[in-house]
Amino acid sequence: MNAFPAPVFAALGHQESWSQISAIVGALRAPGQALLTEAELREIVPWIPPRTVSRLTIATAPDASRIHGIYVDTFITPDELKLRPTRRVLDKVRDGIRAAQLEGVRVATLGGFTSILSEAMAIESDGAMALTTGNTLTAALIVRGVERAVNLLGRSLDAETLLIIGATGDVGSACARCFAGRTRRLLLAARNGERLEREAAQLRNFGPLEASTNVLELLRQSTVVIAVASTPEAAFGLNACTPQAIVCDAGYPKNIKVAPDGVRRHVFWGGMGRLAGGLRSRDGLHERFYHFPVANVVHGCMLEGGVLAMAGRFEAFSTGRGRITPDRVEEMWKLAGTCGVSLAPLFNEIGLWPEEIAL
Amino acid sequence: MDDTCAAACEISEQQRGVFADVLSQAITGELIGMANYAAMVRLYPDPDGQCDALVRANTELGHSERFRRAARELGVTPIVNLEAPYWKRIRTSFLRCVDANDPISCLVIQEVMLESFAFSMYHAVADVAQDRLSKVFRTIADEEEGHGDHAVEELKAALAADRVGFEDKLETLHDEVMTTLAQMLAVKDSVGHCGLCHGECVKGALQHVGLDRATLRGLALNRYLRTLDRIGVRGERSLAWVARLPV
Numbered sequence: 004m005n006a007f008p009a010p011v012f013a014a015l016g017h018q019e020s021w022s023q024i025s026a027i028v029g030a031l032r033a034p035g036q037a038l039l040t041e042a043e044l045r046e047i048v049p050w051i052p053p054r055t056v057s058r059l060t061i062a063t064a065p066d067a068s069r070i071h072g073i074y075v076d077t078f079i080t081p082d083e084l085k086l087r088p089t090r091r092v093l094d095k096v097r098d099g100i101r102a103a104q105l106e107g108v109r110v111a112t113l114g115g116f117t118s119i120l121s122e123a124m125a126i127e128s129d130g131a132m133a134l135t136t137g138n139t140l141t142a143a144l145i146v147r148g149v150e151r152a153v154n155l156l157g158r159s160l161d162a163e164t165l166l167i168i169g170a171t172g173d174v175g176s177a178c179a180r181c182f183a184g185r186t187r188r189l190l191l192a193a194r195n196g197e198r199l200e201r202e203a204a205q206l207r208n209f210g211p212l213e214a215s216t217n218v219l220e221l222l223r224q225s226t227v228v229i230a231v232a233s234t235p236e237a238a239f240g241l242n243a244c245t246p247q248a249i250v251c252d253a254g255y256p257k258n259i260k261v262a263p264d265g266v267r268r269h270v271f272w273g274g275m276g277r278l279a280g281g282l283r284s285r286d287g288l289h290e291r292f293y294h295f296p297v298a299n300v301v302h303g304c305m306l307e308g309g310v311l312a313m314a315g316r317f318e319a320f321s322t323g324r325g326r327i328t329p330d331r332v333e334e335m336w337k338l339a340g341t342c343g344v345s346l347a348p349l350f351n352e353i354g355l356w357p358e359e360i361a362l
Numbered sequence: 046m047d048d049t050c051a052a053a054c055e056i057s058e059q060q061r062g063v064f065a066d067v068l069s070q071a072i073t074g075e076l077i078g079m080a081n082y083a084a085m086v087r088l089y090p091d092p093d094g095q096c097d098a099l100v101r102a103n104t105e106l107g108h109s110e111r112f113r114r115a116a117r118e119l120g121v122t123p124i125v126n127l128e129a130p131y132w133k134r135i136r137t138s139f140l141r142c143v144d145a146n147d148p149i150s151c152l153v154i155q156e157v158m159l160e161s162f163a164f165s166m167y168h169a170v171a172d173v174a175q176d177r178l179s180k181v182f183r184t185i186a187d188e189e190e191g192h193g194d195h196a197v198e199e200l201k202a203a204l205a206a207d208r209v210g211f212e213d214k215l216e217t218l219h220d221e222v223m224t225t226l227a228q229m230l231a232v233k234d235s236v237g238h239c240g241l242c243h244g245e246c247v248k249g250a251l252q253h254v255g256l257d258r259a260t261l262r263g264l265a266l267n268r269y270l271r272t273l274d275r276i277g278v279r280g281e282r283s284l285a286w287v288a289r290l291p292v
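Those sequence lines, one after another, are chains C and H. Just add 3 to the spot in the first sequence (first one is 1) and you have this note's numbering. Just add 45 to the spot in the second sequence (first one is 1) and you have this note's numbering.
Just chain H, same shape as in the assembly:
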């Protein structure tokens, strides 16, 4: 029995369909991350900073490749669509920060906001997936966490330099990017089809693999707020921000 069959035979068609859509989101998200880091190269005047951004872009590319391999082993064909409405909106916000020559905002979007969703989703999937798929998601989640730690230190320094300015900037980014991410996991889709699911929205089928939309959303929210706490953002401010998110 080859690897493809071993992974594919243990789950039902329904479950395979759910994992296919989850992998579509993961692969697309990683490629957006890759493109984001690549775009950040020009924000760093020094070769060390540029190399660091490229290394991170390469890491994200590596993640997307591992997810693609996992999809092949599962016998599914993920949809990769960097123009998918939600992701395109996030990418647009990110590029605006690049154009504004604002590496701090870029880090916030990529390492705080997107990372919170990725980390929590990957861990949740790892908890319910079969051995090989589970291992891929868990390993990548742990690697994402390493990125986040590095960014937190940089963002702490930025907050220490100008607390109010930093928190105001974060609030603007929150309203733009976190609102989009929250919409992705909201009960109703605000953009119609997300552009990544094979058929109907996967959110309604997550229970077939032991996941549910509300828990994924809750885990991401918890991770996001805890990251903001680590950076030192005042609790009452971040609470007011999340209270405004769509549900």
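Chain C with its partners taken away, still in its complex shape:
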């Protein structure tokens, strides 16, 4: 099959590890060709301009008509994810946007780390193509995920001390607003003390709140943790959390170093949605490289553009810079629901939560 309908949505993204890149490049090499070593990949991958890597279809239901889209990889490398965004990285995001525009896409999501463009500068949608960060749907899925985790464990949100790591970011600040006044205490952590205080000042009226740049100190007090820091240097070990802590890791790359120490903690990957109609890639790349414990699971940040496209709303829903309000989170959640998007069952790298399996 060579003909493929014009895509209406795009998801921009990147790979989180060299092993993931190795697997994808390996799948593209000719049969019999050896897999490239990490050293060899480092010679090639940084030079690849952002481009369409896969063609996708999604639908609101298995029997519904399918919407066509593309996945554009920016080829931001795992090494670049570890650093503060450079001009080169921002250029890659811009080039990725251009690649989507050339395909005639009407709405594009800045998935994963690519939404940092919205932190670095005001992103403006270009006439025919709307840009959305994907962060509102991500925030909605994190909020629903934490609610579900608390319920599954028979606990009550208003008895929990909730810590948000990365609380001044777009997703973190959205989560803070959504949980303000709903927990026993709200703890906010971020690297920039000045921004953190500004964020905290807006929420103090809702209930007990503490803000600090000292993550470890707050971790010791928290019973629920949402980790959405956009830097891996902030990664913390699970042993820093309290026993029985619920941990929602929604960072890119993952914020949490898993170090089994015999103490049970309830970790799940946050911001993951499940699409009733499924996501299929034309070349099978998506299916081959995104293995989750259940079918049809997609990162919320990648999914937001698809939701907007399925709903016929070609608009810049999420524009970055901490503008996501609880009302907007609810609006996106309802919209996603009409498109067959639900919260993915809670899982982590080991698999589904036992409590999910028991259901």
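Keep in mind that the hints are not guaranteed to be accurate.
To be verified - Derived CB-CB ranges, DEER-like:
hint : chain 1 : residue 1 : chain 2 : residue 2 : range
1    : H       : C246      : C       : A26       : 31 to 39 Å
2    : C       : A30       : H       : G237      : 28 to 36 Å
3    : H       : L140      : C       : A67       : 52 to 60 Å
4    : H       : D257      : C       : G184      : 53 to 61 Å
These are computed hints drawn from the structure, not numbers from a lab. Quick reminder that beta carbons are idealized off the backbone N, C-alpha and C, glycines included.
Given chain C, work out where chain H should sit, using these hints.
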């Protein structure tokens, strides 16, 4: 102090040796380009097309002459060898397209593939070379870019007429020609001596003038992919092609 001494005295013998080998590649590549355009004359039935091909052949000849002059000023004797294994293989592929009366394939080889390597290498050398040599490489790189723009428009039209056929043809050419070009800049030589270096392979000595093999290769790959993007080749197809290249 004459020009020869001025250029030659500012760099070490080791550096002069590297530039000599780089100039050998550049001169040979330009002469291959000249021969390629000359061969294309018969593909154009109209006098305008024939003249255009001849003008381009002459331009490539002019480039090779300027590189030769730069070599003289540097006090080195480049090796010019149109039978050098890699270049001969590329030339053979090109002539096959001429024999098939296929000007589009010829343009792809000359203006997309060879140009990507030439443009990126010339700019990289211009960035590290001394004033006069730098100017020669930069000026010629800019002229090569002008050629490429013209070809992109022709190739866009060919793609618009038959996307799948065009991309399939490009893939075949890629596997043949880009594989050879990638081998030229790969870690290990697949053909033994390249036939242009004065001694051992220059790739291992590029750092003496501030260049390195991996960067040259990366720049060329980036240029090639961006050119394919401008033509309108689907990203997922060109990605699969470059994933297969030797490293």
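Now the hints, each set against the structure:
1. Distance hint check for C246 of chain H and A26 of chain C: the Cβ-Cβ separation is about 32 Å, which falls inside the suggested range of 31 to 39 Å.
2. A C-beta distance of roughly 32 Å is found between A30 of chain C and G237 of chain H, which places it inside the suggested range of 28 to 36 Å.
3. For L140 of chain H and A67 of chain C, the hinted distance range of 52 to 60 Å is satisfied, since their beta carbons lie about 54 Å from each other.
4. For the hinted restraint 53 to 61 Å between D257 of chain H and G184 of chain C, the CB-CB distance of approximately 58 Å keeps it satisfied.
Checked against the numbered hints given earlier, this structure breaks none of them.
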